[in-house]
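Since chain A is already given, all that's left is putting chain B on it; use the hints.
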Amino acid sequence: MATVTPDVSATPESAPDKSAPKRPYPGALVVVEGTDGSGKSTQLYLLKRWLEIGGYRIHFTEWNSSPLVKSATRRGKQRRLLTAVTFSLLHAADFADRCERQVLPLLHGGYLVLADRYIYTAFARDAARGCSPKWLRNLYSFAPVPDLTFYFRAPLDVAVNRIVAGRPKLKYYEAGMDLGISLDRQESFRMFQERILNNYDQMVETDHFVLMDGTLPVNRLQKQMRELVRERVDLAQFAPKKKKRDETK
Amino acid sequence: MASRFYGIPLPGVNLEELSGPLIVLEGSDGSGRSTQVTLLTEWLESEGFAVQTMGLRRSLLVAQDIDGLLEENAVTRMTLALMYGTDFYDQLERRILPALQSGLVVLADRYIFTLIARAAVRGIGRDYLHGLYEMALRPNLTFWLNVRPEVAFDREFKKAHSISYWESGRDMSLSNDLFQSFIRYQSMIKREFEYLSNRHGFIEVDGEGSVSEVNGMLRKQIAAHLGIRNTHYRPSNALAQLWR
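Same order as they appear, the protein sequences are chains A and B.
Numbered by the numbering used here, the letters in the first sequence go through residues 142 to 390 in order.
Numbered by the numbering used here, the letters in the second sequence go through residues 28 to 271 in order.
Just chain A, with the same shape it has in the complex (with noise of 0.2 Å):
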């Protein structure tokens, strides 16, 4: 791909957002959610790649990537003793390493953060494995909450095969296995997949999801992606220092 220069100039010159809710910090924070094989790591990659070409102030992080829990998540994989409310509590402890120090502290040294799936995946994930969703409220209560979520969403047929094509053989918890709804591994994890489908969609409005279309080629979904970040997003603060810019207008 060529190299794309984001047109700051573009940005609004004035007019302070008053529909973006108050954030304690000067950062500003982009997820992206949807099941997988939705093509949505595919589509940050491609909008890291942009703003990283562009020499913005951002930081990307990604769901389950925290060495501190990092062996305890393994052991309970491979040896199978995860149950729906510790397979969730392991996330949530890996996700609050992440928040606290990582996420937190670059939103308040005001950075764009990227990240990688966010607590909507514990939500919907967590719930079709049969945790409360009341209860997965409160216990990311936590985190930040983003300044745009996109919600890239494919047909579960469309994202069930990209997944099973691409791999010989699904693991144990992603096939969902420990669900006890099927014991064909496909089958299970088509199942799987299909409540956590829905448990997104339940999200769409309640927690403002932008609905991106996983279906459409790769960079037309990307051009509609830096379009809406460059709209809701004001890039011009994240932009490398030039020479010292006017703070007033």
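Think of the hints as simulated: they come from the structure by calculation, not from any bench.
Values in this document were obtained by computation on a predicted structure and should not be read as measured data.
Treat the hints loosely; a few may be bogus.
[What the hints assert, rightly or not] One-sided excerpt, in silico: chain A residues whose CB lies under 8 Å from chain B: (1) 226; (2) 237; (3) 238; (4) 243; (5) 273; (6) 276; (7) 346.
Ideal Cβ placement from N, Cα and C applies to all residues, glycine included.
Relative to chain A, chain B alone:
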């Protein structure tokens, strides 16, 4: 039957199958809790009750990971609180519920109350913490072995000849003097316990009494709850050294 959970039940648990009682001992470091659990276990077994114990950092899933986090001192309060939560629910789901289903007596050497108190003094909201533990089982009896922080300090120092980082709350930067830090931290925990005691109906026991006195009081209450007539007990030779 009153609900055995505080809020919503754990997914997939049939309450009718839980026949055994859950008895909790809470109290600070140096309150004599663990000694009492050891003695009560022997007494109950001699009376023909099978006992399962639980405590903090004893889960198969994450106990060793928490040990690692505590050694590093790099962990933040929310992560630690949630790792302890994982440790708690892993024990509850995979050890305690099966034990109660089989009619065992469960003795808990600390329970959610210590976890709530420790997190609350570090600034995590009480409502948040009660929500986190709403799927915990409500104990049948909760004893609070209450000791003054100064007494706890003496006992802990005699035991280990030093005061640990976490017991003195050094992550909270209360004082550079470890004695002061310990006293202030344990006083904060104690205040949190007073609040929890009112909210959850603890049976307060003077933990500064002798081991045999405290044990006698605990036996009396537990015997009444379980319908044990004979509360007489002398520890076996193996445990005689605990009997002071």
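Double-check residue 276 of chain A for me: the hint is only fine if its C-beta lies closer than 8 Å to a C-beta in chain B. Because about 6 Å separates residue 276 of chain A from the closest Cβ in chain B, which is inside the 8 Å limit, the hint holds.
Does residue 243 of chain A pass the interface check with chain B, least Cβ-Cβ distance below 8 Å? Cβ of residue 243 of chain A sits 11 Å from chain B, so the hint is violated.
For the hint on residue 238 of chain A, does the least C-beta distance to chain B fall short of 8 Å? Where the cut-off is 8 Å and the nearest Cβ of chain B is about 4 Å from residue 238 of chain A, the hint holds.
Let's test the interface hint: is any C-beta of chain B closer than 8 Å to that of residue 273 of chain A? It holds, given that the least Cβ distance between residue 273 of chain A and chain B is near 5 Å, below 8 Å.
Against chain B, with CB atoms and a cut of 8 Å, does the hint on residue 346 of chain A hold up? Given a least distance of 24 Å, the restraint on residue 346 of chain A is violated.
Status of the hint placing residue 237 of chain A at chain B (closest C-beta pair under 8 Å): With Cβ-Cβ at 4 Å, under 8 Å, it holds.
Evaluation of the interface hint that places residue 226 of chain A against chain B, nearest CB under 8 Å: holds, 5 Å
Hints 4 and 7, counting from the list given before, are not met by this structure.
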